[in-house]
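K.L.:
Here the protein sequences line up with chains A, B and C, keeping their order. Heads up, the final residue of the first sequence is numbered 321 in the numbering used here, and it's a clean run with no missing numbers. Heads up, the final residue of the second sequence is numbered 616 in the numbering used here, and it's a clean run with no missing numbers. Heads up, the final residue of the third sequence is numbered 1184 in the numbering used here, and it's a clean run with no missing numbers.
In case anyone wonders, no lab produced these hints; they're calculated from the structure. Do not rely on the hints blindly, as some may be mistaken.
Examples of chain C residues lying across from chain A (beta carbon under 10 Å, computed) [said to hold, decoys possible]:
#, residue
1, Lys821
2, Leu871
3, Phe872
4, Gln975
5, Ser978
6, Asp980
7, Pro982
From the structure, some residues in chain A lie toward chain B, with a derived Cβ separation under 10 Å [as the list claims (entries may be wrong)]:
#, residue
8, Ile21
9, Thr123
10, Gly275
11, Phe294
Straight-line distance between alpha carbons at most 20 Å, and here's what the computed SDA-like set of lysine to any residue pairs gives [claimed, not checked]:
#, chain 1, residue 1, chain 2, residue 2
12, C, Lys883, A, Leu154
13, B, Lys360, C, Ala905
14, C, Lys819, A, Glu75
15, C, Lys883, A, Asp170
16, C, Lys883, A, Leu163
17, C, Lys883, C, Ala905
18, B, Lys360, C, Thr950
19, A, Lys6, B, Lys360
20, B, Lys360, C, Met1118
Virtual Cβ for every residue (Gly too), placed ideally from N, Cα, C.
Each chain, written out:
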Amino acid sequence: MSKRQKFILRRAGSALVIAFITITFSFVLFRALPGDAASNLSRVPNMPKEAQAALRAQFGIDKPLTTQYLLYLKELARGDLGVSFQDQQPVLDNVLRTIRNTVVMVGIGTVVAILVGTLIGVTAAYRQGSARDRVITGAAMVIYSLPVQWVGLLLLVWFAGWLPTSGMSDPYLFDAGFLETFVDRARHMILPATCVALMLFGSFALVVRSSQLEALGDDHVLTARAKGYRNRRVVWREAFRSAMLPLVTLSTLTLGWVIAGTILVESVFTWPGIGQATVQAVAARDYPLLQGIFLLVTISVVGFNFLGDVLHSVLDPRVAE
Amino acid sequence: MRLARALLHRPTIVAGIVIVMLFTVVALLAPVLEPYSVKSASGEPFAPPSATHWLGTDDAGVDMLSLVIAGAQNSMLVGFAAAFVAVLIGGTLGIFAGYKGNWGETTVTGVTDFFLVIPALPLMIVLAALFGQTIYHIVLVIGLLSWMSVTYVVRAQVHTLKERGFVGRARSLGAGDFFIVRRHILPHVAPLLVAQTVLTVASAVFFEAALAFIGLGDPARVSWGTIIENAFLHSAVSAGAWWAIVPPGICIALVVLGSFLVGQGVEEAMNPRLGSAHVSPKSFSLRRATAKDEA
Amino acid sequence: MKSSRKAGRRMVVFTVLAALVLILAATAGCGGSSTETSGSSDSSGGDQPVYRLGTVGMGYDSLNPFVGMYAQDYAAWMLMYPNLVQYSNELQPQPDFAESWSTSEDGLTWTFTLTSGAAWTDGKPITASDAAFTINTVVKLQTGAAAALSPFVPGIETATAVDDTTLEVKLAAPSAALLANLFQLPILPEHFWAEYAKGDGAKLKTVTMDPAKETVVASGPFTIEKLDIKGTTIFKRVDTFYGPKPMITGYGFQLFTNADAAIQALKAGEIDCVYQLPPTSSDTLKTDANLQIEGFGGSMPETLLVNDSENNKKHPELQELGVRQAIDLAIDRTAMIDTVYNGFAVPGGSLLLPLYVPQFLSADVPVTGRDVAKANQLLDDLGYAKGSDGIRVADGVEMQYTLLVGAMNRAIDSRIADMLTQNLAEVGIGVEQKLVDNQVPLIMTQPKAYTDFDMTLIMWGLTPDPDWSTLISTSTMLGAYNLTGYSNPEYDKLWGQQTSEMDAAKRTAIIDQLSAKLVQDVVFHPIAYTQMVTSWNKKWQGVPEGGAPFGYYSYLNKMQFNALEVTQ
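Working from the sequences, and respecting the hints, build out all of it.
P.N.:
Dropping the structure here:
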């Protein structure tokens, strides 16, 4: 077994352990919360006490905790995350439906952020300390410092009328051809994806800039320069190759985090994604749904971290040693 | 005080210090500075900025300038208190892990790794709902979920300190662990702790605003987050009342920016090669490539 | 030089490709456009476009009648399923699927004569056995799978289909409010639901109501065309509907997470009407020449509740009538309506609506006027002197109270709470606000009922009959909807009398007495009857201006969209 394989196995092991801790943690967390299905459903006028008891039995919350935990693990193993208090549909369906919407929007925003961030970071590092560097880095940092919900609100009001400000598509677009549907979806995507990109590109720019600076001082880059290669070639070919490492780490980490971080963007643009589902589940005390969201998001972060480690070990064999 | 002098030579750090100090002073003097009460109307709803109300009024006719000042008080309180909690936990664990090594380090790394993968904002939302929404709970919730990057940075620093050899010398002279930590480790880590505190202030202010926006702020207190939330709930932007939402947003941005400049500057001054590791004062508290840490 | 450009270009290409793939995935994932068009029905002439409705904050929770519990769900079902009766905007019962009804001498048997020739959307006839099936299923499973619908069948023992158009309903005791309860019960197609209702009926809740997944069988005037609860749900007109048909070919119901987005969509012409807008947004909307703005309803009382239960050990002084009277006198209702509601509310005197006069109540319950001097006098008389901090001390306890504010309605409630805090400070009562993350009843149904709160704000959604408005103060509702902990055997007895009193005049007299008791004991502190701020594009005519007591898009009747048409 090579060192890299060993390393990957070790990381996989620790990812599994963390996943199991997460599963247990989320069980404890959501059982500790006050209120349950029945008490929430008491918003029904006249609901008899027996009906509340029946609901508790339906959701299994009348059983002792250990029984509940074993049941929970068993059902989880079958891919069953339970049933949402609110719409009584499987939690897994709810989460997958919303997470898909989020991934599309955030994916585009993140890709744009990586692209813009990299270009800006490399350009800034190329002439460290120059006026251009200062302006670019300064602007990136200022935009990055703005609260995202605030930026979103301003975007919403500025672009209202020009671009759709809520939802994923025009719900009243009947019998549209493929192209028309496509254009409609793309237009709805612009504002929220821009908001995500604005939220993220600053951190990418700064990371790329500083790792680029570090790399520009490395021996092989200096050698390349000494050999008389042209500056831009050196920057992109040699230096950027080493700057890729932290970028990959940050990207994989970010992808996991961003799913959680879009809560604010989705609230502003009424995007039917995982963030909006979270807020609504909190308001309705829909614990099974919250637990499902929490579990899936956490495990996806674990997954992305693991992926990042693997990528990292491929790009830089030293890490496995 | 070579470090201090090095810091003051960097204009960005000075700018950061000035910004953070300014808001801290405003926060401390808030009750004196507020021109009107934030509990009652002093003008027409959504009145534009004027000589009597420099920043206009909000949906209930409350003076915006007073709100922003009162907001500074609570936002900065949450920021500093949460940062203190985070640095206390993170610093202790970091020093422990870095100094002890072996099983101590493995345990701390494991726990930190676990907390790192938990999506902070969703968990904060759940916890804030569970604890109840008072400012103290918000401080605790944010603090308890913001210490992880501190641990990693401090641990790395303690590692380099140990490598320098004087720890070993001190031990060979018969010094106890506690003594070594207090006399040799802590003084060297202290500037880093300060930097981390300031960095965490930024993320705490940001998180407070995020929680408030979702309706989980402390209803009894005005913060920048609750001002934005309030403007949002009463559709201030559609009403054209930009003054009800722009000032708190700018204040948050300034504090985040200022803290970021200070925190990053101090770290860079202490250890130029550490620069890129924890770039993010927001949710992406980034450790330097995990794999490298373990290797 | 070249290679750097190439690298840059490669990244651009990569990004664009990635973006395209993601959007394509989204386009494909949603199954493209719907197969059936709303506007393609054959009916001639008067076809009007789809009416696009938007709401802020709270949409449907489920359109499955055994699951959904929000008022919006009821409104959707009212437009999808037959109901025995419906209510006019003046709260008079009117025929819907039942053409007429009669009561036996002893009041225990009700006979409904139903519309003949009606059909479900799948062509099967709608008969009395559908109605009997629905009622019997709910009665049988009322403590289980059908709990959500149980409030609408109280006291019913059984329902029988005598023939296709005759339904007999048997009660355990006479009920004056039977129609008022029954009218919200959607009659469901037996041939669709029967297999789900077998056994304990657990399967009833698995029905998704999504036409993309399974058939939705309804009667009309509308049925679901596209279900997207967190986004836009679209309903299409049913041309086989048995009653008067609307002109619009369908309507859409779009959920916005914030008012700004909804307002911008309305202004941009993406939607036709928004309701549940923040009152503060009305001034801007009024300046838009294309938009009409109106406050609908005025039947949802925003109320301050004071926990005067014996279980509130910390503040036994709240059981003193004088304290509650003083609190009531201190409230500045006019100022609250001016500032917080921007005029979209009227002062409220009770949970018994002005709308109930004269049908159920002989006169309006008077609104308490503000009188700070009298309030202070009352508290002085009780011997509760002010401490050094200006807060009174009642038998050694500071009159400092926790006021719960629900997150759901916090935009309004937190403002009301601010003003209340000031009002009460003037009479030496301290208030500390505490935000709770959901509706207040939760706190009360906990085992520690009535122990850990002093005051709360709640906005009641009331029914067209005062039966429920008066029920909530009885002792049977303790630990549930009786949020103040009021318990009075005499009141309970009177309530029992009104619910079984079949003579309208006599019932009114009893309800008058109940009302007097509530006022005399200051059980509630109503603040205002709030209106639903609604704005729509002026090209639409036939929006029920000023009517609709339960707001526009209500669950009162099937006629609400019938007059809607576009006139340019």
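K.L.:
Failing hints, ascending?
P.N.:
The structure conflicts with hints 4, 5, 6, 7, 9, 13, 19 and 20, although it agrees with all the remaining ones.
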